[in-house]
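A.B. asks: For reference, the chains in residue letters:
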Amino acid sequence: MDDVPTRSQSPLPSAAGPLTLSKEPLLPAAPAPLPPTIVTLPLAFTGQPGEFFRIWIVNVLLSVVTLGIYSPWARVRTRQYFYGHTWLDGHAFEYTAQPIALLRGFLLVGGLFVVYSLSQRFEEYQWISYVLAGIFFVTYPWLVYRSLKFNAANTVYRGLSFRFHGGVRAAYVAYFLLLLTVPFTLGLTYPLAVWFQRRYLLENAAYGTARTRWGKDVGPVYLTFLIALGIGIVVVCTLGFLIFGGIALLGVSGGLSGVFQRADSDGAANLQTYVLLGLAAAGYVLMILVYTALWQYIRAALLKYSLQDLYVGDTLRLQATFNPVQLAWIGVSNLLAQIVTLGLLTPWAEVRRTRYLLGGVQVQTIAGLGDFQADANASESALGEAAHEFFNFDLGF
Amino acid sequence: MEASGFLVFSASYFDGLTSRDRRAEVSVQGTDLVISSETLEARYPLSAVGIEPPLGRQRRVLKLPGGARLETDALEAVAALEQRLGRNVGLTRVQRLEARWPIALASLVGLLICGALFVLYGLPAVARLAAAITPPGIMTTLDAETVRAIDGRYLKPTTLSAETQARISAEFRQMALKRGGPYRFRLLFRDGGELVGANAFALPGGSVFLTDELVRLAHDDREILGVLAHEIGHVEHRHAMQQIYQGLGLTLAFSVVAGDVTSAASVAAAIPALLLNSGYSRGAETQADDDAGRWLMQTYGTTAPLQAILKRLIEQDGPETHNRVLDMLASHPGEAQRLTHLRAIEAAGKSSK
Chain V
1 MDDVPTRSQS PLPSAAGPLT LSKEPLLPAA PAPLPPTIVT LPLAFTGQPG EFFRIWIVNV
61 LLSVVTLGIY SPWARVRTRQ YFYGHTWLDG HAFEYTAQPI ALLRGFLLVG GLFVVYSLSQ
121 RFEEYQWISY VLAGIFFVTY PWLVYRSLKF NAANTVYRGL SFRFHGGVRA AYVAYFLLLL
181 TVPFTLGLTY PLAVWFQRRY LLENAAYGTA RTRWGKDVGP VYLTFLIALG IGIVVVCTLG
241 FLIFGGIALL GVSGGLSGVF QRADSDGAAN LQTYVLLGLA AAGYVLMILV YTALWQYIRA
301 ALLKYSLQDL YVGDTLRLQA TFNPVQLAWI GVSNLLAQIV TLGLLTPWAE VRRTRYLLGG
361 VQVQTIAGLG DFQADANASE SALGEAAHEF FNFDLGF
Chain S
1 MEASGFLVFS ASYFDGLTSR DRRAEVSVQG TDLVISSETL EARYPLSAVG IEPPLGRQRR
61 VLKLPGGARL ETDALEAVAA LEQRLGRNVG LTRVQRLEAR WPIALASLVG LLICGALFVL
121 YGLPAVARLA AAITPPGIMT TLDAETVRAI DGRYLKPTTL SAETQARISA EFRQMALKRG
181 GPYRFRLLFR DGGELVGANA FALPGGSVFL TDELVRLAHD DREILGVLAH EIGHVEHRHA
241 MQQIYQGLGL TLAFSVVAGD VTSAASVAAA IPALLLNSGY SRGAETQADD DAGRWLMQTY
301 GTTAPLQAIL KRLIEQDGPE THNRVLDMLA SHPGEAQRLT HLRAIEAAGK SSK
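Those sequence lines, one after another, are chains V and S.
When you line the first sequence up against the UniProt record's numbering, it's residues 1 to 397, in that order.
When you line the second sequence up against the UniProt record's numbering, it's residues 1 to 353, in that order.
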């Protein structure tokens, strides 16, 4: 039983640094414990944009050709690619969901969605769409709960699967009750809801029998939103000042010195209109960019806050060293690249983001990673997962 | 039976109870998978061993009964085993597709072709079917809403005399009655103004708009009735409904691809504009002309009135007609073909007599 873990047998393909441990396995016979040696193990992502592009485009084509029937397979293969290229301590993660299990959920949810969009069109049948929307809103926390359970159970590392122990009631608090209060508090309770959602996930996950512990305050979540809001106000004011200044300047110069005056005054007026319209359009695009950038920043900062000092069992904790601003920049530039290439750079963007993100996450442990114990397994319904994917909700993970 | 293993490879063995990995030698002996490590000797029938489908150059996973698993970089060995057992045939092919750049680029081209085929053939076919099975009640509701939207935005009250209206209405009613069908045909007189001009157009439920300008452009009522017969043809073939479904399908398809579902909902509000701004296909125009031509032949023995007003419309609108907001009659390329078609109907009608 006591074979020493041989770290070199499954070499990490990319140069993520030497992974050999200097740790001696703790002997059960030694009662006086030595001061524990902390070992830091990096996470690394080894996916290649070109390779993933080929997988992605073939998957998209197959999904289209099969009228969407293949999309669960596409979904699973995408996940498997990202999990399988995520390495920790010489082993990769694994995504084990069965596409056929996803297919049923996909078909059900897809059918409901078609009914929903069709009934939206016609006044007589619009009540159907309201009923469906209501059902969705009410069952959403349950779907999240199913989805978390399903995804955890289908994530495997070193032959052990993750588990999610959260309950339905807590899901309804985090994803229903608190969200209901958001409009009535002018959004003040939104960070609280976000914090509840994070806590629900991070206090209830488990690797084998090792439970995760998070124990973080809500304060920094509010701080993150406040910082983003502050930056947003400053940027918007500056932009507004520049644009209005520009308009005023144009108005003056156009009227007095005739900068834009041509032979006919109609042409001048036209030109001025075009310049003003151009400025307005530029301002609009800039606003969208600022908005996107701020959301990316909030996401990144909250992700770092979530991962930093997340404990798994008694021996392991996570460390996040990536820079939220850098991650937000990657998010924004990814989005621009995707828009400009009509989505063709999506695989590149995903690989780029994942590589940076996982490159900035480490595991600190005082015991070997081979000491985790399995929990009793149970299969999870795929329905929650399918709904989650279909409506493309982002839980931030 | 093979005496020695035909496949031998090394793997990491996980027992499914702990996260401990063990280096193991794996071999296939006959119909069994044999695993041996320093602390373990195990033998499983191959039929009970699961093989996870291949993906890229990723390491392979074998699932053993009882939750244990093997992870290995011996891709060739696992692929050979897979082939021998006939497992993962489909996804192995997919993996081969995914491995090649030419295939990836061909997929890209294929996607574009699929998109084009969908827009050109798939969507119209589905839209035609959906239009055919849409209950008349829905179309009546749609009519009422669209009339409200158009009246506010594009059209003014008519300035035609009451007699003229009554006369044309009576003739229209007579024509509509003969046609029958589940539609509630009604004629609405409006001033088209600068924006709409001389025009006539039909809504899905049977409401037909006729502008004062068109009435003035016509030399006699037969011309107007020819145009109205054309519009009734559009209604009976449910071209407007088809048009709506096509627009919705496009938006829906686009929002699924682009991942934006909310924008699809806002299209509902845009239906009237959709109806007005996009003309019918040339096929739909020909079909409506067929109807109008046949009616004209039956009633007057000639298609000349429709030809005459069509020519006048084209002359009046000139080549810039494509920019007009409402021009169901003249906006489409191939006016010359339409005239030829009407003449052909006339010739065929005369010769069959």
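Each hint should be verified, as a subset may be incorrect.
Stated by the list, open to error - Some chain S residues well away from chain V (every beta-carbon gap over 10 Å; in silico):
id, residue
1, A79
2, L91
3, A125
Claimed, not checked - Output of the computed footprint for chain V on chain S, the stretches with three or more beta carbons under 8 Å from beta carbons of chain V:
id, region
4, 63 to 76
5, 189 to 203
6, 338 to 351
Think of the hints as simulated: they come from the structure by calculation, not from any bench.
Glycine included, each C-beta is placed from N, C-alpha and C at the ideal position.
A.B. asks: For every hint, state whether the structure bears it out.
C.D. replies: Structure-based check of each hint:
{"no.": "1", "hint": "A79", "verdict": "holds, 16 Å"}
{"no.": "2", "hint": "L91", "verdict": "violated, 7 Å"}
{"no.": "3", "hint": "A125", "verdict": "holds, 14 Å"}
{"no.": "4", "hint": "63 to 76", "verdict": "holds (count 5)"}
{"no.": "5", "hint": "189 to 203", "verdict": "violated (count 0)"}
{"no.": "6", "hint": "338 to 351", "verdict": "violated (count 0)"}
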